[in-house]
Each structure stands twice: as C-alpha cells, then as structure tokens.
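S.K.: Sequence:
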Amino acid sequence: MFLLFLDPPCPVNSCTRPVPTRHASSSKYLDPPFPIGYRFMPRDDELLLDYLRPKLAGQDYPRGIVHDCDLYGLEEPSDIWRRLNRASHEGHECTDDKDIYVFTTLNTKAPNGSRFCRTAGTIGGTWKGEDASKKIYTSGIKHAIGFRKRFTYRNKGSPQNDHWIMHEFHLDPSLLRNKHHQVSTLFFLLNCF
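For the sequence shown, UniProt numbering gives the first residue as 1, with consecutive numbering after it.
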C-alpha cells in the first residue's frame, strides 16, 4: 500500500501547498472533526509513522483524512480529486484548496517483476517519476524510515498533461513486523493548473 498526496490547482511552476480552509457552517469536515482554523499539514515522518505504518500493520490510525483509492485505475486524476474532495467535505460545497491523501497498492508489470505499472485513466495517462527517492528521517532513529518520490501525470492527448503532481511515500520494511505484505504506499496528489 502506498500513500499519495493530491494538491489543488496552482499556477504551473509555482506549486505550493495551499492551506485548506473550513467554513463555520461545515460542522463535519473530517472524522474526527477539526476545530475551525486547524489544517492537516503533516510532516513526512508523521505520514509514514502515524498513518502508513499502522495501516500496513492492521492497527488503528486516524480515519477520514487518508482515503483508500486506486490511483492506477481508470479514473483520471481530476475525477479522483473531485470525488475524494467531496467525500472529505461530507456533502458541503467542495473547495479547490483541499489536499488529498490516499492509500493505494502498486501492481507490478510482471507477476515476479520489480517494476510497477503506473498507468492511470482511460486515455493512456501515466505517472512519470521526476526525481530519485529522497530519504525520510525522524528523531530518535538513525536510519531512514522511508522514502518520498515525486511524479507528474503525463497524457499527451489530454488537457491534464503535466497538471498533476503526486508525492509517493514508501515505508522502510524494517519498521514492519510482517515483511511479506503487498508493496504499499501513501500518496499526496496535487493539481498544478
């Protein structure tokens, strides 16, 4: 399982992580609800240790913030973002400043292969890696606890080409008791129109 982060629209070449807002009329923003003014802006090590590790270990973790979603299925990134953004707001008006965090499972291209299939959408989209994985550290642990890698959505025949950025988080397997789980990751997806 992987964690992915989706972020809202921002000008190309100036992508930043906008701060999501919540209106006082939105009584059930997330489960548990956040007080007005609070933002979900976790550090990389918090995503790995407080969300991805418990998810992979079958333990409890904060619900309602990170969704289960197949990012490598037939849905376009914009459709996923719209759907999950609405789900997070539980029927309240959807705003375009909501980051989306999802768990998804990567599938290998071949049954015993080590390369992952990164196609997405119905018209030939793919997630293209932009950089080498960056190690993530936390206080009290000398070795890296995981890795973060950036991807861009590529689809030459789509107006969404190069408009979506995804950050993929992998947990170091040494932090799990059961090392035989499926490869899982947490993602943070952002839209940079």
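Because the hints were derived from the structure by calculation, they are not lab data. Misleading hints may appear alongside valid ones.
[Unchecked claim] Below, a list of computed lysine to any residue pairs in the SDA-like style, where the Cα atoms sit at most 25 Å apart:
{"hint": "1", "residue 1": "K135", "residue 2": "L49"}
{"hint": "2", "residue 1": "K128", "residue 2": "R82"}
{"hint": "3", "residue 1": "K135", "residue 2": "T152"}
{"hint": "4", "residue 1": "K149", "residue 2": "D50"}
{"hint": "5", "residue 1": "K134", "residue 2": "D172"}
{"hint": "6", "residue 1": "K128", "residue 2": "G64"}
{"hint": "7", "residue 1": "K134", "residue 2": "S158"}
{"hint": "8", "residue 1": "K156", "residue 2": "N112"}
{"hint": "9", "residue 1": "K55", "residue 2": "I141"}
{"hint": "10", "residue 1": "K134", "residue 2": "G113"}
{"hint": "11", "residue 1": "K128", "residue 2": "P173"}
{"hint": "12", "residue 1": "K128", "residue 2": "D162"}
{"hint": "13", "residue 1": "K135", "residue 2": "N155"}
{"hint": "14", "residue 1": "K135", "residue 2": "E76"}
{"hint": "15", "residue 1": "K109", "residue 2": "I141"}
{"hint": "16", "residue 1": "K134", "residue 2": "D162"}
[What the hints assert, rightly or not] Cβ-Cβ distance ranges computed for the label pairs, FRET-style:
{"hint": "17", "residue 1": "D70", "residue 2": "K128", "range": "33 to 41 Å"}
{"hint": "18", "residue 1": "A110", "residue 2": "P35", "range": "43 to 51 Å"}
{"hint": "19", "residue 1": "N112", "residue 2": "Y38", "range": "41 to 49 Å"}
{"hint": "20", "residue 1": "S174", "residue 2": "G73", "range": "38 to 46 Å"}
{"hint": "21", "residue 1": "D79", "residue 2": "S174", "range": "30 to 38 Å"}
{"hint": "22", "residue 1": "A132", "residue 2": "D70", "range": "30 to 38 Å"}
{"hint": "23", "residue 1": "R82", "residue 2": "I141", "range": "20 to 28 Å"}
{"hint": "24", "residue 1": "S139", "residue 2": "G58", "range": "39 to 47 Å"}
{"hint": "25", "residue 1": "R115", "residue 2": "A144", "range": "31 to 39 Å"}
{"hint": "26", "residue 1": "E130", "residue 2": "D70", "range": "35 to 43 Å"}
Yeah, the Cβ is synthetic: ideal placement off N, Cα and C, and Gly gets one too.
S.K.: Does each hint hold? Answer for all of them.
M.R.: Quick rundown of the hints versus the structure:
1. The suggested pairing of K135 with L49 holds, with an alpha-carbon distance near 14 Å, which does not exceed 25 Å.
2. Distance check on the hinted pair: K128 and R82 sit about 22 Å apart at the alpha-carbon level, within 25 Å; holds.
3. Among the hinted pairs, K135 with T152 is consistent with the structure: their alpha-carbon atoms are about 19 Å apart, no more than 25 Å.
4. Between the alpha carbons of K149 and D50 the distance comes to roughly 19 Å, so the proposed pair stays at or under 25 Å and holds.
5. Taking the CA atoms of K134 and D172, the gap is near 12 Å; set against the 25 Å cutoff, the hint holds.
6. Restraint check: the Cα-Cα separation between K128 and G64 comes to about 28 Å, which exceeds 25 Å; the hinted pair is violated.
7. About 30 Å separates the Cα atoms of K134 and S158, which puts this hinted pair outside 25 Å; it is violated.
8. Taking the CA atoms of K156 and N112, the gap is about 30 Å. The hint is violated against a cut of 25 Å.
9. At roughly 20 Å between alpha-carbon atoms, K55 and I141 fall within 25 Å of each other, so this suggested pair holds.
10. For a cut-off of 25 Å, the pair hint linking K134 to G113 stands: about 23 Å separates their Cα positions.
11. Between K128 and P173 the CA atoms are separated by roughly 24 Å; this keeps the pair inside 25 Å, and the hint holds.
12. Between the alpha carbons of K128 and D162 the distance comes to roughly 10 Å, so the proposed pair stays at or under 25 Å and holds.
13. Taken as a hint, the K135 and N155 pair is broken in the structure, with Cα atoms around 29 Å apart against an allowance of 25 Å.
14. Straight-line distance between C-alpha atoms of K135 and E76 comes to about 29 Å, which puts the hinted pair past the 25 Å bound.
15. Under the criterion of a C-alpha separation no larger than 25 Å, the hint pairing K109 with I141 is inconsistent with the structure, at around 34 Å.
16. Between K134 and D162 the alpha-carbon distance is near 21 Å, which keeps this suggested pair within the 25 Å criterion.
17. For the pair D70 and K128, the beta carbons lie near 19 Å from each other, so the given range of 33 to 41 Å is not met.
18. Between A110 and P35 the CB atoms are about 49 Å apart, so this pair conforms to the stated range of 43 to 51 Å.
19. Between N112 and Y38 the beta carbons are some 45 Å apart, a value that agrees with the proposed interval 41 to 49 Å.
20. For S174 and G73, the hinted distance range of 38 to 46 Å is not satisfied, since their beta carbons lie about 30 Å from each other.
21. The supplied range of 30 to 38 Å is met by D79 and S174, whose beta-carbon atoms lie about 36 Å from each other.
22. Look at A132 against D70: about 26 Å separates their beta carbons, and that is not inside 30 to 38 Å.
23. R82 and I141 have their C-beta atoms about 38 Å apart, which leaves the hinted 20 to 28 Å range violated.
24. Separated by about 26 Å at the C-beta atoms, S139 and G58 break the suggested range of 39 to 47 Å.
25. In this structure the supplied range 31 to 39 Å is violated for R115 paired with A144, their Cβ-Cβ distance being about 22 Å.
26. As the Cβ distance of E130 to D70 is approximately 22 Å, the hint placing it in 35 to 43 Å is violated.
Checked against the numbered hints above, the structure breaks hints 6, 7, 8, 13, 14, 15, 17, 20, 22, 23, 24, 25 and 26 and satisfies the rest.
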